[in-house]
Amino acid sequence: MLVAVLRGAAVVLGVVTLTFLLLHLAPGDPVQRLLGPAAGAEEIEAGRRALGLDRPLLEQYVAWIGQVLQGDFGVSLAQGRPAAALLAEAWPATAVLVLLSIGLSWLTGILVGALQANTQRRGLDTSLSAVTVAFNAMPGYWLGLALVMLFTYQLRWLPAFGATGLDAEFLSGPARLADRLRHLALPLTTLTLIGFGANARFTRAAMGELTRAPFLLAARARGLVERRVVVRHQLRSALVPIVTLLGLSLPAIFSGAVFVEAIFAWPGVGQVLVQAVQARDYPVVMAAATISAVLVVTGNLLAEFLVSIVDPRVRDASA
Amino acid sequence: MLRLDRRGRIGLLVLTLVTAGALFAPVVAPVDPDAQRDVVATRFLPPLTSDAHGIFHPLGTDRLGRDVWSRLVYGARVSLAVGALAMGISLVIGIGVGTAAAAGPRPLRTLLLGTTDFALGLPRVVLLLLLAALWQPSALLIIVVLGVTGWMPVARLVHAEVRTQLARPYVEAATALGAAPLRILARHALPNALAPVIALATLGVGNAITLEAGLSFLGLGVQPPAASWGTMIASGRDTAVNAPWVGLAPGIALVLVVVGCTLLADAVQDAVQER
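These protein sequence lines map, in sequence, to chains A and B. Counting along the first sequence from 1, when you hit position 133 you're at 133 in this note's numbering, and nothing is skipped either side. For this note's numbering, add 1000 to where a residue sits in the second sequence, where the first one is 1.
Calculated from the structure, these hints are not laboratory results. Since we're looking at a predicted model, the values are computed, not measured. Zero decoy hints are in this set.
If you anchor each label on the Cβ, the simulated ranges turn out as follows: (1) B:Glu-1274 x A:Leu-224: 29 to 39 Å; (2) B:Ser-1050 x A:Thr-119: 47 to 57 Å; (3) A:Arg-212 x B:Ala-1195: 16 to 26 Å; (4) B:Val-1148 x A:His-24: 14 to 24 Å; (5) A:Arg-182 x B:Asp-1238: 17 to 27 Å; (6) B:Asn-1242 x A:Phe-215: 55 to 65 Å; (7) A:Gly-80 x B:Ala-1081: 41 to 51 Å; (8) A:Arg-55 x B:Ala-1180: 45 to 55 Å; (9) A:Ala-63 x B:Asp-1034: 43 to 53 Å; (10) B:Ala-1195 x A:Glu-209: 15 to 25 Å.
Chain A stretches covered by chain B per the calculated footprint, using a threshold of three residues with CB under 8 Å from any CB of chain B: (11) 9 to 23; (12) 128 to 139; (13) 144 to 156; (14) 257 to 267; (15) 272 to 279.
Which chain A residues stay away from chain B? Per the calculated CB distances, all over 10 Å, these: (16) Pro-82; (17) Leu-100; (18) Arg-122; (19) Pro-159; (20) Ala-175; (21) Thr-189; (22) Ala-213; (23) Leu-245.
Ideal placement from N, C-alpha and C gives every residue a C-beta, glycine not left out.
Given only the sequences and the hints, what does the whole structure look like? Please build it.
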């Protein structure tokens, strides 16, 4: 476990260092963007000095790491507010979207995959495969666009932009909740459907490999009900690769969220990140990259931990 | 040779058709993809109509009166080229790293595998966003960036396969016959290890095509007016209300190609396992 934590810390440090280097080596200057095209060379130089951007790169890097270790991510260059506060505001919206879609896409994915692995009807398996392959291939931003065309422009059922309506401030409890849910519907459906295809395909493969396994035959021979055989024996064995994949797919889910947030103007971390990159807002980009790296690494650790719960062999080997 | 099942043949057929369409774009789509004639008279024509100049538009026109079918066909060139070249870079790096890790001395293996695991942990899209946003966006940049962020699965697979091959009796036999280690590696172990890599690479091409379109969609990839499926979807978003076909057509093409890659990869994978 300690080794895994250390390895995770190394990945986080690597991401942070790489981001720092890329950000500072790339063309484009935040001060120039801040002051506009009318600023003279002297003003820009003064601005750079005021922000400490004229110091050697290594010095800036060490100073930044020192600050972060004290919990200080610096102040946004573009907005003049603490970077941590900007992300803290955006974080719940992303968390709601990502967590709900992970839950929903795995629930539906495992159900469909398990059904496909065990059904005797080849036609059902083939048609479900066609559906999952198609969703697996669909880019989130396009699926989102297609859903908006259907549900917003054609049917006029659901809103397509933002997390709340313009009148959200004036709504009472239940109406406000309904407003939030209506805004959540399309982004959540998009993110869930793109994950669903991959999850169902993976579950089908993992459980399909087991259909002829001797231990399932033994379980049936002992007279266990079919549902118990599938859920307690087949699914449990298949959960080891599934949970591992869940951990490994966290970066993909996060990046899917970046695109989906861009389409639906969802006020989350992805949107903050894209805007900050475009504005060369160094502190905000660094904070967002650090936090997303920590989240992804934590997710992978969590998945390893879950695998050890699901699979006694792994648990005993590491104990 | 590998024997493909029906699924694999469908995938191969789709990919062959799209590739042929892209190669023979001037024949398949006679209308210039960037041509704008009388914008007011020819914009937003629905699919299967002819404009005032008598030019037929099978998929209609966009807001500048450009032929959507032509842009789709010429956009396929960008998508396929980016996907194939990016995967090519990933293959070169991945096979190199994987082989070196499998056949090299122990410290080298530890170093290379450690680097691979580390690189796998990096959030790819965050890197892509950074790189694409920070440098001047271009097709070449996208290819390089996708290539150098996609080699890790290849390296892992090649490493595992080559090690398995090196443990086989035929390697011992070749050594006994006096073959040099490098020759055994290049002529015997590596070619035998490459079959599963084909499946992974096919999948990777589809993945790279999707990512390229995504970056172009965000305005960080291929720049307009050049036709790319990503930029077409982005411009279709702005006209989704009165001309939904502009955004739907490139998306459907994208899904078709990626489904083709997935089916082919699945079939190759199964064929390799059966062998």
